[in-house]
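J.: For reference, the chains in residue letters:
2 protein chains.
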Amino acid sequence: MRILKTKALFPLLTLCGVATLGQWATAAEGMWTLHNLPMDRMQAVGFTPSQEWIDNARLASVRLNDGGSGSFVSPDGLLLSNHHVAMGQLSAVSSPEKDYVKNGFFARQAEEELPCKDLEVNILVSMENVTARVQGAVKEGATTEEAGEQRKAERSLIEKESKDATGLRSNVVELYQGGEYWLYRYKQFTDVRLVMAPEHQAAFFGGDLDNFTYPRHDSDFAFFRVYENGQPYKSEHYFPWSQIGLKQNELAFVTGHPGSTERLHTLAQLQTIRDLINPFAVDGLVRMRDTLEAYGKQGSEQERQREANLRSVTNSLKVYEGRVAAMKNPALMEAKVKEEKDLRDAVERNPAWRAKYGQAWTQIEETQKRLAARSNEYYYRRLGGVISGGGLANLAKTIVTYVEQAAKPNEKRWPEFRDSSLDSLRQKLFSTAPIYPGMEKKLLAEALKIALKKLGPQDPFIVAALAGRTPEETAQVAISGTKLLDAEYRKQLVAGGLETVKASEDPLIQLAVKLTPFIDEMRTWYEKCIEAAEVAGKTLIAQARFAVYGKTQYPDATFTLRLSYGKAAGYEQGTTLVPYKTTFGGLFDRAKSFDYKPPYDLPAKIMAARGKIDMDTPLNFVTTNDIIGGNSGSPVINKEGELVGLIFDGNIDSLMGDFLFDETKNRAVAVHSAAILEALTKIYDMGGLAAALTQGAIRRIQD
Amino acid sequence: MRILKTKALFPLLTLCGVATLGQWATAAEGMWTLHNLPMDRMQAVGFTPSQEWIDNARLASVRLNDGGSGSFVSPDGLLLSNHHVAMGQLSAVSSPEKDYVKNGFFARQAEEELPCKDLEVNILVSMENVTARVQGAVKEGATTEEAGEQRKAERSLIEKESKDATGLRSNVVELYQGGEYWLYRYKQFTDVRLVMAPEHQAAFFGGDLDNFTYPRHDSDFAFFRVYENGQPYKSEHYFPWSQIGLKQNELAFVTGHPGSTERLHTLAQLQTIRDLINPFAVDGLVRMRDTLEAYGKQGSEQERQREANLRSVTNSLKVYEGRVAAMKNPALMEAKVKEEKDLRDAVERNPAWRAKYGQAWTQIEETQKRLAARSNEYYYRRLGGVISGGGLANLAKTIVTYVEQAAKPNEKRWPEFRDSSLDSLRQKLFSTAPIYPGMEKKLLAEALKIALKKLGPQDPFIVAALAGRTPEETAQVAISGTKLLDAEYRKQLVAGGLETVKASEDPLIQLAVKLTPFIDEMRTWYEKCIEAAEVAGKTLIAQARFAVYGKTQYPDATFTLRLSYGKAAGYEQGTTLVPYKTTFGGLFDRAKSFDYKPPYDLPAKIMAARGKIDMDTPLNFVTTNDIIGGNSGSPVINKEGELVGLIFDGNIDSLMGDFLFDETKNRAVAVHSAAILEALTKIYDMGGLAAALTQGAIRRIQD
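Residue numbers (the working numbering), protein chains in the order written: chain A, 750 to 1452; chain B, 750 to 1452.
Hints were generated in silico from the structure; no laboratory data involved.
Some hints here could point you the wrong way.
Here are the computed lysine-lysine pairs in the DSS-like style, where the Cα-Cα straight-line distance is at most 30 Å [what the hints assert, rightly or not]:
id: 1; chain 1: B; residue 1: K1388; chain 2: B; residue 2: K983
id: 2; chain 1: A; residue 1: K1077; chain 2: B; residue 2: K1414
id: 3; chain 1: B; residue 1: K866; chain 2: B; residue 2: K1251
id: 4; chain 1: A; residue 1: K1388; chain 2: B; residue 2: K1346
id: 5; chain 1: B; residue 1: K1077; chain 2: A; residue 2: K1087
id: 6; chain 1: A; residue 1: K1090; chain 2: B; residue 2: K1077
Can you make the complete structure from the sequences, with help from the hints?
T.: Here is the structure:
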């Protein structure tokens, strides 16, 4: 499953979706905020959570800064998430000599736990409705654009006041397309250490082929420990470990941070995605994949270096291909046509509604035309985007923008450069995680090459970027000569501010300085001319939906904490059934069925433990919970609030999740809690860790 | 997998197909006659069989009279086929006290082997091209209809002469839509005894859900022994047993008796199937399924009685539903449109071809209109058809027709009543296999009910059938009062001939006497007005194809011996791979994944043997061989002529096999030779049988 990238450099690519069909969400549909749980619906399926249950679910759940979710599973700071969420950290601390990605990582003593430089953990400690204040900041007679600015400024102010008053990370989040604003305060931890991760091959058995599929056989888990003041954090709120897991049809709850959904998109927006965005994106991803694969063929060290990057790209490619297929599905588009027609007809029948909301669809349609007219520039006049210029080029660009933005007042900055976000941003900018210049050079050269091809040699962006050289030469000069590999040099540049950066003779910084105006112009144009009008239109449509269908709906995902309810359940596929769970026996069967050929080979530790493992132990299972990218690492809990599983993927049908939720097919895929215990005790010699988990459970029961 | 019904009571339902796309068959496509193997193509994939190899493949392969295939696997008459081919026999010899279907059957001594009353085995001992003689029988100036009669008469004559001269079963088979006629002579065995069959649940694990799917985990095998003169038949030709089986991509050969394909159908015929035949058939099958299910709910004995029948019906329903889906696939119809256009264009461009073949398509189109006009009568004015009036009603009808037909000269009879077929027919008519009147009553009542509804009370057929009574009363009277359950009574009727039958006071025979004229009129009309014209048109099209594309093609399947070459190979499904084999570990995984809920429960013997079974032993595997219903029980052999597997099904994509062959998706599903040895020795305590198989192999190697 794709993990969410917190700051997409290419917001156009935030995927779209069709609205919920009809008036009512289907049974398990919905990513509900914890201040507005659908108690009546949950009661209808057999469970009314107490406030204590809800609070524990919230406070035991965490958000990870690099786009995933996690949860506390012991009273002393043990944190469970996915191996693929930990992958970036594992990769960063690995070297050819100590390849933790390949071999796994196992700390059996506290002192062996491995600090994760870039990892940040956030707990949502309070939620406050600030809608009235944000909306109240809009002055009488303001234009749409001015209103947007005024709301933005007020949100920044609220965030700053809160941060100053409480010291907590404070974000004003927009829900229901601006129907509501909430101040979320997070307790933040930056001392996070890796406790245990299985081998990459165990976590990602079946590789990119089996990714997004089910039945599945992946041990995609990792354990961290959160520290506070140099001591394990006393996590009062955690999920006790269930050794049994869920029976078929038993209720399942998932807390976590779904990244984004766009279930309110109009037909015009869907057409843009189908005809414009998808082809751009697939083309870019294919180029990036090919570049990384070619680089990996240079040798085993290059292969190791490009692994995490390649995995992320092929994963995204699979998502896009699934969505391309979904967009070509006539049933989906027909459903969307009908849904839009029904809503618009209802609006038209009521004069008041017609006056207020009737123009929203046309308004959005106009933005789509404007976008199409500049799409080529928008896509290729940037080092970022899907075909990334590489991590190093992005660092250079971010440093240039950082010093420019930091010179402005807080409320005038882009959101990711506001005070409330700077800690996280700095942690990322100054990370000492290794950077591979060979790979960076290839990625930058490819990004420049395609930009040259698509924009032509006369385009001002190309003229500025190449200055008469070839893309390869440009990349060679910029990457070979840069000192940005040194985190200290990055710190100096940021500390020196705008003047220092502009005066820098670093060739990559110089390139970034030349290109940043083009890139930022595109962003500003997009935000002002496209996004703002889209948001205005979508807000009207959201209001129209409230008017026509009532207000018992969930907001689109926004990488904020949500709870989903569902159940453990298999499904039909073709003419047969897919079971709700798989077993360790199935893992060995699938490996042997492919004669252990990669990606169906098994790590030595698993082969060695074969005689000890109880083959009937459930390994993975599926539930009807409504999840999306960003939910990776989410706990699956039962009615008792016990941890029964760990979300790590969705099935192939879940790739439509941005568009719509289909309970008959859409499944969340999880690692079973019993599988993790079995693996810890029988495969990885991590009995101590297993005991810590089950003791937590016992203590809880004795409470 | 559906086993072929030798005499479809509803020939309209013989399913259709689109022609091979383009000029050349794809690599593994083709069901080749053994007198015209594509040696150049086989050489191209790496194997040129010797004449000895080909002869052994032919003489070790057998045709079973109830629609399946099989092969000799030892020098002393041991015959391997599918459990589902043996199912009818198992069901016939079972009773509530000795339920061999449920518990399996295991003869460990020769005297324990169980005679199969209705089973007949045929070996194809000679093949002779008689095209010139059959075509030469058509007199100068004969009309199409007369020519058909003259060919029919000549074929009957050839068969009779051959039978008289050799004592061998002799059939003149039509190939290439009448492009060739061959005299096939079979050595016939009627003393066939069951040696071993596993439990139904082992053979059919996953039930109707997993039927036609893959990955698969079925022990769908059974062993018989063929006797000659009361002694085990000395089967000089047999396939030595391979304990290893095939590696991925290793060449695989399948000999057997594919029932029918219609890869030459025109667009007009395909439209008839899509719009007329499929809806009729699905409706009929659904009714029959519902009737049998309702009957089975009356008690466990009723459930046992209806089991084989229900399985056959649900199986057929799955085939139809797959085909309905295939017909709705625009790509398939587009391919067919293009293929027909290409051929017709080529014909049009050549004046000689245009004159000879140009009208064929229109001619066939006209027949489709005639068929549509009478389809309701044709479908419902019969006790037979898909919604069968039941086995007993069919017996009554067959007896009436038998005595009528037997009164005519041999060459004037319908093919299944000619002398060459009478032995087989009598064996079926006089079988003492149990008949369940309760179930028969329900089936007959349902058939009459739907006929009444569709034809209306004034239809002469309905008037004759019901004579003022309700369908239920009619069925009650006919079935309760009949003596046809007694095989001796049936013999008396047939021996007595037409007069005896007409004078019979048996109510079911009386009903059959009344209805037979209607049923036969429909058959005659169909054969003369539809089929003959279709055949004439198809023959022209086949000739046009020979003219345009050359003559290196295989004929459509005709339930005669064919050889297919292919390889063991998995395939892509969704975004991932399906492995080329499964293992015993996968069987236990799937059972446990469904918590052993039927149809995923495991028989006691398998559960008990769990600790002994080597879980890595391959259980099922797939090959690219081109097979179809009738290939059930076919051996899979390797280049050395060793038995490596046993065909028992096709995957879901193979349901298009009547229409076209798609090598990327279409797979034959087989039981692995190693799985059978593992099951015999570790699960079923049949070490003696296993030794006989492997000793055969050793002896062979020592030769």
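J.: Give me the numbers of the hints this structure contradicts, sorted from smallest to largest.
T.: Hint check: nothing fails, all pass.
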